[in-house]
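Undergrad: Below are the chains, spelled out letter by letter.
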Amino acid sequence: MDVDPFDDLGSETFRLTCPGETLTSSQAFMRGHGTYVDNEEVVASVAGIIERVNKLVTVRALRTRYNPEVGDLVIGRITEVQPRRWKVDANSRQDAVLMLSSVNLPGGVQRRKLESDELQMRNFFEEGDLLVAEVQAFFSDGAMSLHTRSLKYGKLRNGQLVTVPPILVRRLKSHFYSLPSGVDLILGLNGYIWVSKHVKDSEQEGEEGFDAEAVYSNQNDDIDAATRTAISRVTNIIRILATHSVPLTDVVLLEAYEWAIEQEVDVKDLLQEDVSDALVAAVTARS
Amino acid sequence: MSSRIEILNDGGYRSDGRRQYELRDMTFDMSEQAGADGSAIIAHGLTQVLVSVFGPREAKMRSQTLHDRAIINVEVSIAPFSTGDRRKRARGDKRILEFASMIKATFEPVVQTSLHPRSQIDIFVHVLQQDGGVLQACINATTLALANAGVPLLDFVCAVTGGVHAAAPMLDLTTLEENDLPHVTVAVMPRTGRVTLVSMETRLHVDRFEEIFRLAGQAGSVLHKEMRAAVRERTKGVVDAMGSGLRTSDFAEDAMMDDT
Chain A
1 MDVDPFDDLG SETFRLTCPG ETLTSSQAFM RGHGTYVDNE EVVASVAGII ERVNKLVTVR
61 ALRTRYNPEV GDLVIGRITE VQPRRWKVDA NSRQDAVLML SSVNLPGGVQ RRKLESDELQ
121 MRNFFEEGDL LVAEVQAFFS DGAMSLHTRS LKYGKLRNGQ LVTVPPILVR RLKSHFYSLP
181 SGVDLILGLN GYIWVSKHVK DSEQEGEEGF DAEAVYSNQN DDIDAATRTA ISRVTNIIRI
241 LATHSVPLTD VVLLEAYEWA IEQEVDVKDL LQEDVSDALV AAVTARS
Chain B
288 MSSRIEILND GGYRSDGRRQ YELRDMTFDM SEQAGADGSA IIAHGLTQVL VSVFGPREAK
348 MRSQTLHDRA IINVEVSIAP FSTGDRRKRA RGDKRILEFA SMIKATFEPV VQTSLHPRSQ
408 IDIFVHVLQQ DGGVLQACIN ATTLALANAG VPLLDFVCAV TGGVHAAAPM LDLTTLEEND
468 LPHVTVAVMP RTGRVTLVSM ETRLHVDRFE EIFRLAGQAG SVLHKEMRAA VRERTKGVVD
528 AMGSGLRTSD FAEDAMMDDT
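Same order as they appear, the protein sequences are chains A and B.
Letter by letter, the first sequence follows residues 1 to 287 in our numbering.
Letter by letter, the second sequence follows residues 288 to 547 in our numbering.
Do not rely on the hints blindly, as some may be mistaken.
Said to hold, decoys possible - Pairwise CB distance ranges, derived in the manner of DEER restraints:
(1) Ala392(B) x Pro180(A): 55 to 65 Å
(2) Ser140(A) x Gly379(B): 35 to 45 Å
(3) Gly298(B) x Leu271(A): 25 to 35 Å
As the list claims (entries may be wrong) - Covered stretches of chain A (chain B as the covering partner; in silico rule of three or more C-beta atoms under 8 Å from a C-beta of chain B):
(4) 44-54
(5) 137-143
(6) 147-155
(7) 189-201
(8) 239-245
It is worth saying that the hints were derived from the structure and are not from the lab.
Note that the Cβ used here is the ideal one computed from N, Cα and C, for glycine as well.
The shape of chain B in the complex, shown without the other chains (with noise of 0.2 Å):
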């Protein structure tokens, strides 16, 4: 297979600057959306998610809700303006939907469903830009939102695109290079290092596969530090406005006292 441009030149850099290692740039955005039990925007470089978790809740389909756990119900939409060629998607496009069921797929065994009986956990992913690892983006995105609403959760779960170009391989791809070469998503849960999804809806070669699994499962953990830290981050920041408020109460509190 040709290609127009470049995917790796002979200085080992690839078409936007990158090592074959490299990660694009992330950032992770955990403030609240109006109404969310829990959100989080997160961008790979130029591709852009946002998921909104609500719940869990009381289940709205009697039919499908279960006696002894919550069920997870994922909702994929695509904006139109997303792409390079503008097109609008239906709600019920198969691709829609295949995504959303992988996305099911990937925290149903993550989510501790089993505390949460006749609920139901509704998981919103808005995808608001797309550059290459769509997928990856959904699932890193939709574990901060899961962290953020309290749903309790085995383990982060980190999903990392690999490619392979000639005998190289590559992490993180962008559109341009997920057009052109074979690619695998691999989510990992980085503390016991089980796997979660891997999903590969190009041909690779069997031998070059080994070695992009255990790439993409190492990168897994590098981004597993990334999160870890913004979830931190998030959580101190509202124990610290949290303590501020609490303490002028008590303080309050004990000057009333002295009066009488």
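Pulled out of the complex, with its shape left as it was, chain A reads as follows (with noise of 0.2 Å):
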């Protein structure tokens, strides 16, 4: 091949594709994700932008279901209890499964399962509880298996679930964050985000006020007004961020919050039109 197809990859516009969109030789280059074969020829199969790495074209989506791998925080909403395991929605393209076996069970980490925590694992997930959990491995057709073997994984409660499209999490140092206000944030990859009343440092795992027995619970601890404003002012916040497909990054998340302050927007008014395009506006332009 003579000419490099890829040559303006280089410059700042991305190049983007469409379904049945012939992108380059397969003779030349390898497929990737979002491409397949025909007539020696690499067709794209979904619309997005074209990425190359050495010989290697693939093409990202840029609205799809969640892409799962190893590592990555979920949360995630119980479906289904099976036998030694849960069927998980974690926004991917099948339920992912949550063994039996890799989650912590009260009375420590060390403790042997029993015949008796098979027969009331409803006990610990029912279906429709929330959890925050890791990608820990894939099944031979791709579903995927979490584990919420660490403290600080487990059920959620206190909080508020908002669901964004996947691409808009990208991968940071940490997905646990606090905003100055009382609300703590965590951002699942998969696109589920959590929005929950701030825990108290004392109380958080490996803590003296550490709850143990609060771990499977049901209950909701008490959650005073100006935190609930607090809560429904950032969900208002991450549904504008979405829908107008800015990433969430806690940078853009802790400017935004300022920015509802110092105007003093109603939480309901937040989702207006023009509030939230100020919104954006400021966010995007800010630094």
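Quick one: dock chain against chain with the hints and give me the complex.
TA: Written out as structure tokens, the structure is:
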């Protein structure tokens, strides 16, 4: 091949493509995700950005379901209780699996699993419960297996769930984040975001005030009105940023929150179009 | 067959002022519908169709789950207010079921189902207004919705209806014309020129078929250009929005590093 078709990749603009568009010859390049080979040509199968690593050509779709990778932090909802396992909806192409052997049971990390545990699995997680977990491995058919073998993971309470397109959540150093107004955020890489009441430092896992019995509790703590407002404000901000396709990072979220406080906008008024446009403009223009 | 209105007048114009091979005005709206993975509203003249795509997601019907590929589930609903004479069709209406299975059969060879074993792709089609060419609108809208949802497709599927008046072939028929003329809907994959659907519910003379079939195929590639432009514009819009956000945070991180 005389001319490298990807010469212009170095420039600022992204190269976009659509399903059925020929990208390059399959003799010179390898096909990656989002492409297929037909008649010795590599052809795109999704609409999105063309990416190339050496000889590998892939197309990344913009709006798609979550593509899990081992080690990702995800938030999910229990859909089914099966023998020795839970099925978890994690915004992926198939429901994830949470094995009874990969959760921490109350009464110490080292506790052995008993037969009675299998019989009372609904005491730990029930259908509809939300949890935060890590992707542990994959099954042969591509379904993911989760684990909650850390005190940071487990059942979620005291908060609210927001769903955004997974591409907007990028891998960060930490996906647990506290805003100064008494709100904790968990940014799941699958696009599920948990906004909840702040857990005091003294009550954090491993500290003295940590209540191990409350790990599987279904009862919310008392949440005062100010915290409730703050939680709703953060959820509305996330919704706005998501509809405007602004990638969510801790910096952006903090800026948006400060803007909302500065402008003294009522929580429900945030969702109005002119206010949300102003917010997005302020966040993307700042710094 | 004599009709009260003139299908094609002596000047070569049709009842709505179009030429023989002229397509109606098309609009594509690919903005997000709440909750759906991908959606599209498409209008061919007065015919308007909304399609929402969910998935690939965990198959809810265990018995139908396939271990080597995804299943496609199409549900069609026709709004009672979509036609001139208002009437409600039951969900189990045979005609609607057949319509749904036609759409399903059109997309089964196009969607790369083998990439998503044990899952299910739900396609919900809502016909909002009908003025001829409902099937073509449904197929075109489904293509856009699937592309919007990031479902891997071999190619676009572009469908156009063709009919024949006396010996004059026509494209993109309205209800008025559909009632009077023999017509055929053809869905093509423009890259390879493969045909994934030919649907004919009226009797058409064998000698006329080839010409209409060829014409509808050509019109499909014209449609393809428009649809591709719509998808590109949508993709570009999202990329630009994301890009502006990305740059901000990168700058912010740099600034923070300078401070320390």
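Undergrad: Run every hint past the structure and note whether it holds.
TA: Right, here's what the structure says about each hint:
1. Between alanine 392(B) and proline 180(A) the Cβ separation comes to about 57 Å, which falls inside the hinted range of 55 to 65 Å.
2. The hinted window of 35 to 45 Å between serine 140(A) and glycine 379(B) holds, with their beta carbons roughly 38 Å apart.
3. Between glycine 298(B) and leucine 271(A) the beta carbon distance is about 54 Å. The supplied range of 25 to 35 Å is therefore violated.
4. For the region 44-54 of chain A, the proposed coverage by chain B is satisfied: 5 residues have a C-beta within less than 8 Å of a C-beta in that chain, meeting the threshold of three.
5. Judged by the Cβ-Cβ criterion of 8 Å, the region 137-143 of chain A is covered by chain B as claimed, because 3 of its residues qualify and three suffice.
6. Given a C-beta distance limit of less than 8 Å, the hint that chain B covers the region 147-155 of chain A is violated, as 0 residues qualify and 3 are needed.
7. With 0 residues carrying a beta carbon less than 8 Å from a beta carbon of chain B, the region 189-201 of chain A misses the three-residue requirement, and the given coverage is violated.
8. For a cut-off of 8 Å, the count of residues in the region 239-245 of chain A with a CB near a CB of chain B stands at 4, and the three-residue condition holds.
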